[in-house]
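> Next come the chains, spelled out residue by residue.
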Amino acid sequence: DGGITQSPKYLFRKEGQNVTLSCEQNLNHDAMYWYRQDPGQGLRLIYYSQIVNDFQKGDIAEGYSVSREKKESFPLTVTSAQKNPTAFYLCASSKRSGVDEQFFGPGTRLTVL
Amino acid sequence: RKEVEQDPGPFNVPEGATVAFNCTYSNSASQSFFWYRQDCRKEPKLLMSVYSSGNEDGRFTAQLNRASQYISLLIRDSKLSDSATYLCVVLTFNKFYFGSGTKLNVKP
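Protein chains in written order, with the numbering used here: chain A, 1 to 113; chain B, 114 to 221.
Isolated chain B (complex conformation):
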C-alpha cells in the first residue's frame, strides 16, 4: 500500500467553481501534512501546511482528519491560474512522502 494516495484527476472545472481534493495516508503516526502546487515542467512550491484545526489562506482551505487519515484541499472561486497539479505531502518518522498529484484544469 502506498504511503500517500491521491486521485490523479484531471478535475476539469469552470472558472468560479469550488473544487475539493482529498488525499489519504497510510500511517497513523504521521506528524505533519502539506499541500504543494506544481506547474507543468516546474518545481513543486509550498501552497500551505495543514494543521489539525484546519487552516485557510484566501481562497484555499486545508483540513486534516486524523481519524480517517485524510487531508483535503478546497479551492473556492477557481481562477485560470489555479490550473496545476496539487501534491499532497506527509511527514512520517522524519521522512517526507509525496503523492503523485491531482491535476486541476480550470476552464474559461
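If we strip away everything but chain A, and leave its shape as in the complex, we get:
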C-alpha cells in the first residue's frame, strides 16, 4: 500500500534538546511539506521541498531545519532555538508542487517538558 509514514507518533523532549521527526513516502511524489498545527488553529507551513536536494522556508521556519537527500524522505529537526515547539506536526506530499492535492501522514505529537 502506498502512503506516508511519520515516526514517532508521540515524542517528548526536554527543553534545550534537538529532535528529529521522520517522514517517508512511497507514493513517488516530487513535493513534500511540513506543517505545524496548534489547538483550534489552521495548519502553518514550516518548510517545503519541490524536488530532491532542494527546499524552501515556509511561514514559520525559524527554529526548524530540514533535508531532502532522497525523494522518499523529508526529515524535520526541531532545534532548541524554536521557542514554543509543543504542537502536532504533519508531513504531507503531493505529486507536483503547488498543483496537486496534498496527502498527509498520521502526524507526530511533540511535547516539550
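The set of hints was computed from the structure by calculation and includes no laboratory data. Just so you know, nobody snuck in bad clues.
Calculated lysine-lysine pairs in the DSSO-like style (CA-CA distance at most 30 Å, straight line):
(1) B:K155 - A:K95
(2) B:K158 - B:K208
(3) B:K115 - A:K83
(4) B:K208 - A:K83
(5) A:K57 - B:K158
(6) B:K158 - A:K70
Dock chain B against the given chain A, drawing on the hints supplied.
Showing chain B alone in chain A's frame:
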C-alpha cells in the same frame, strides 16, 4: 486579513439533517480549492476537490462562487460518522492555505 476564513462552529445537527458550511478566500487569483476532513487528533484527509461547475460525491456537494470568493460544502442525510472538523483549503500562486476548520457534531 486571513487568506482563508471559516466559521469555527460547532454545528450541532441531528442525524439525517442537511448541513452546509461556507469558506471565504481573499485572493481572487486563487487557482484550486479543496475540502479536507480531520478527525480529532488525526491527520487531514482529502474529502473532495471543488470545481467551478460544482461537484457531487454521494451525500456531499461542493460549490465554488468565484464572484463572491467563497466555496461551500453541503452534507445531506448526516451520519454520526460525519462528525469531524472540515478544513477549507485554497491554492494560491502555488501555495496552499488552510482554514482553521469548521467543527460538525452529528447527534443521534
